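Chains as they are written, first to last, in the working numbering: chain A, 1 to 304; chain B, 1 to 262.
Hints in this document: simulated from the structure, not taken from any laboratory.
On a predicted model such as this, the values are computed, not experimentally measured, just so you know.
The beta-carbon is built from N, C-alpha and C at its ideal position, and this holds for glycine as well.
Misleading hints may appear alongside valid ones.
Only part of the chain A face toward chain B is listed, based on derived beta-carbon distances under 8 angstroms [said to hold, decoys possible]: (1) 29; (2) 98; (3) 102; (4) 106; (5) 111; (6) 248; (7) 275.
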Amino acid sequence: MSTPVPRSGGTGRGLLVAAIPYLWLLAFFLAPFVIVLRIALSDAATDQPPYAPHFPGFGQLGEFLSALDLENFRLLGDDPLYWQSYLSSLRIAGLTTLIALAIGYPLAHAMALAPKRWQGILLVLVILPFWTSFLIRVYAWIGILRPDGLLDMALMGIGLTSEPLRLLNTDAAVLIGMVYSYLPFMVLPLFSTLQKLDGTLLEAASDLGATPLTTFLTVTLPLSIPGILAGSALVFIPAIGEFVIPDLLGGSDTLMVGKVLWNEFFSNRDWPLASAVAIVLLVVLVLPLMLLQRARGQGEGGVR
Amino acid sequence: MRRFGAFHLAALVAGFAFLYLPIVALVAYSFNASRLVTVWGGFSTHWYGALLSNQPLLDAAWLTIRVALVSATLATVLGTLAALALARYRIFTGRTLFSGMVMAPLVMPEVITGLSLLLLFVAGDVERGYWTVVIAHATFSLGFACIVVQARLAGFDRSLEEAARDLGATPAETFRTVTLPLIWPAVAAAWMLAFTLSLDDLVIASFTTGPGATTLPMRLYSAIRLGVTPEINAACTIMIAAVAVAVIGASLLMKRDALAGR
Chain A
1 MSTPVPRSGG
11 TGRGLLVAAI
21 PYLWLLAFFL
31 APFVIVLRIA
41 LSDAATDQPP
51 YAPHFPGFGQ
61 LGEFLSALDL
71 ENFRLLGDDP
81 LYWQSYLSSL
91 RIAGLTTLIA
101 LAIGYPLAHA
111 MALAPKRWQG
121 ILLVLVILPF
131 WTSFLIRVYA
141 WIGILRPDGL
151 LDMALMGIGL
161 TSEPLRLLNT
171 DAAVLIGMVY
181 SYLPFMVLPL
191 FSTLQKLDGT
201 LLEAASDLGA
211 TPLTTFLTVT
221 LPLSIPGILA
231 GSALVFIPAI
241 GEFVIPDLLG
251 GSDTLMVGKV
261 LWNEFFSNRD
271 WPLASAVAIV
281 LLVVLVLPLM
291 LLQRARGQGE
301 GGVR
Chain B
1 MRRFGAFHLA
11 ALVAGFAFLY
21 LPIVALVAYS
31 FNASRLVTVW
41 GGFSTHWYGA
51 LLSNQPLLDA
61 AWLTIRVALV
71 SATLATVLGT
81 LAALALARYR
91 IFTGRTLFSG
101 MVMAPLVMPE
111 VITGLSLLLL
121 FVAGDVERGY
131 WTVVIAHATF
141 SLGFACIVVQ
151 ARLAGFDRSL
161 EEAARDLGAT
171 PAETFRTVTL
181 PLIWPAVAAA
191 WMLAFTLSLD
201 DLVIASFTTG
211 PGATTLPMRL
221 YSAIRLGVTP
231 EINAACTIMI
241 AAVAVAVIGA
251 SLLMKRDALA
261 GR
């Protein structure tokens, strides 16, 4: 299984099977990145839209290379707006991950303990919101969080608060929207780890006199670490670059990289700077991506 | 020890209430007779009628469906080929680059995918519109389609293919009569996933579209920025209903298929 069976004509056909998606990805995935990098290293003045970025012929290559500079990256470092937006993205994504873990763990744990015949339905119920539009789910929260919205009506109705909370357009609203949107990504890997947990280990712990809490802390929790890592990475990574949620639920002071990139691009029309923002965002993502890769490896190792 | 207790029931109820109450509220208020979102003015289907006469919205919906149909088909074909290549040919030149490129869109922030594809289209002097959005959507959902098919291929009994080859079938015949029928549920699921991803996408479409090609999420987004109206609730409710019917239908189909196959 580890090497292709050499069959007459098989290699050529195999080449074709791989070549079509390979070429597609080279053209529409890799090439665009080269262009982003190229534009991030150019001056705002020469590549301002709507003009197409000019690519040099081979003859002008030297001239072209000397025109590249790091000006855009220097600007990212000098203007506090940019590095603050990266920090703020990391902070919001981190908090989102922690809250999603706090809500998702009990949910996944309960799902894994639920009777087998419920589990299929429960799993569908977790996945179903993921199939409904992202935009719709964010919009639903605008109706809830807006002043005199459903949350205010409910809280004031039962007399818990006497005036509107004014949650919409704050960082808290962004957090609520993020946790809500990404919760399924946390629950699914946790559920699959917890479901595979060996019940006899828990019985052994309790036979040896451990309280349910001790059993949880010393057996269940350590064994579910691959699920925790995978779920956290799956929430944290998309949360960092998120645009829709901070834009619709956040306020004007909510800083996030996705929003900054969007504004640089659509409002300020500074394509080179937007490209530089994108490159740095990719660099920021490298570490959590490596963590995800490791969690995947551990998860697979645990099955065997 | 592994008993399902009151605490677990509470966790389930609270978790699912959090997941579903916002959607329930959104659907409920689409039937509100009052334009004021905070006042319940009685049951009405007025806003659904209003949607039918909103021509720009209908045009956007039709465009979105056309984009999704074509891009999902492209993504499924490419993703299935990629999955076959990765599962069958363990060693080939550039395999690491290939699998990296297939999987990267899964974790790539949408703003980066959108920006980079737009810059490619500008550099190539391509007129932006329907086809650029289709290409962009096919590219980013290809990886999702590939993962779904790969999962199916992992549990695939290759001796069936070998039997077909031994009995004299050409590779093409083997693929058509043995491989494809066996991986079909995964291919269908991959298509569904790619279709929904395309329907749902706002960010990548906003970057790669051109004048005259405004998708439904783009229309909804600009409407939402202006405020909450029952009309948007009605549009959202229709989309939720369509997705729910499709997902439940697909899972029933797959269950039947699984029962018939075993």
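Hint check:
Look at residue 29 (chain A): its Cβ gets to within about 5 angstroms of chain B, closer than 8 angstroms, so that hint holds up. Hint status for residue 98 (chain A) relative to chain B: violated, with the closest Cβ pair at about 16 angstroms, above 8 angstroms. Hint status for residue 102 (chain A) relative to chain B: violated, with the closest Cβ pair at about 11 angstroms, above 8 angstroms. The beta carbon of residue 106 (chain A) comes within 4 angstroms of a beta carbon in chain B, closer than 8 angstroms, and the hint placing it at the interface holds.
Nearest Cβ of chain B to the Cβ of residue 111 (chain A): about 7 angstroms, under the 8 angstroms cut. The hint holds. The beta carbon of residue 248 (chain A) is positioned within 8 angstroms of a beta carbon in chain B (closest approach about 6 angstroms), and the interface hint is therefore held. The beta carbon of residue 275 (chain A) comes within 7 angstroms of a beta carbon in chain B, closer than 8 angstroms, and the hint placing it at the interface holds.
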